[in-house]
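> Sequence:
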Amino acid sequence: MDKLTKKPIQDVAIGKTDTNDLENPFNRKTMTTENGAYEIYGVSGRCNEITMFFSKDGYETQKIILSNNSTDTILLQPTTKQQTAIFDFKKDFEIVELEKSNDYPSSDKDTTVCINWTLDKLEIKRIIKGSKPISGPEWHHLFGHYPCRIHGKLRKGSTQFNYSINSGA
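Residue numbering for the sequence shown follows the numbering used here, starting at 37 and increasing by one per position.
The set of hints was computed from the structure by calculation and includes no laboratory data. Among the clues, some could well be false.
[Said to hold, decoys possible] Straight-line C-alpha distance at most 30 angstroms; calculated DSSO-like pairs for lysine-lysine:
1. Lys126 with Lys92
2. Lys168 with Lys192
3. Lys126 with Lys161
4. Lys189 with Lys136
5. Lys165 with Lys192
6. Lys127 with Lys192
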């Protein structure tokens, strides 16, 4: 359901892992129906729960842990206009805010690796201009994540965007 309107959302994609893993029975394009309903059948082995990702354009992807044989209502948060504005990587932009932190969720709890890691505005621009859009599941499953990150705001014309660069590989 839409978290704000409390109305059902049709065609929400539901998967266990990266959508490229189509051999996995949980990634066979399970979608919500017109009234927002979904049914997932499968075996989660000896586990009492399964982690599922619910994603749809215009909404933040939700990672939900479901108990076996459970019924639940999933509320998806619409993305803001700022988040849905199209960012043209080829056009110039201005870095408005830049902040370094070492509190990002990570499998590596050693925050001392962050001490000497830094980026300046020119390096950030180069990274962003050389980037390509990827999905949340791609980012989650294909890259390492470390506690170090540079984040802030950038402006292109009159539109402001948030950015975050993780030191992971």
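> Each hint needs a verdict: does it hold in this structure or not?
Tested hints:
no.	hint	verdict
1	Lys126 with Lys92	holds, 26 angstroms
2	Lys168 with Lys192	holds, 17 angstroms
3	Lys126 with Lys161	holds, 11 angstroms
4	Lys189 with Lys136	holds, 12 angstroms
5	Lys165 with Lys192	holds, 13 angstroms
6	Lys127 with Lys192	holds, 8 angstroms
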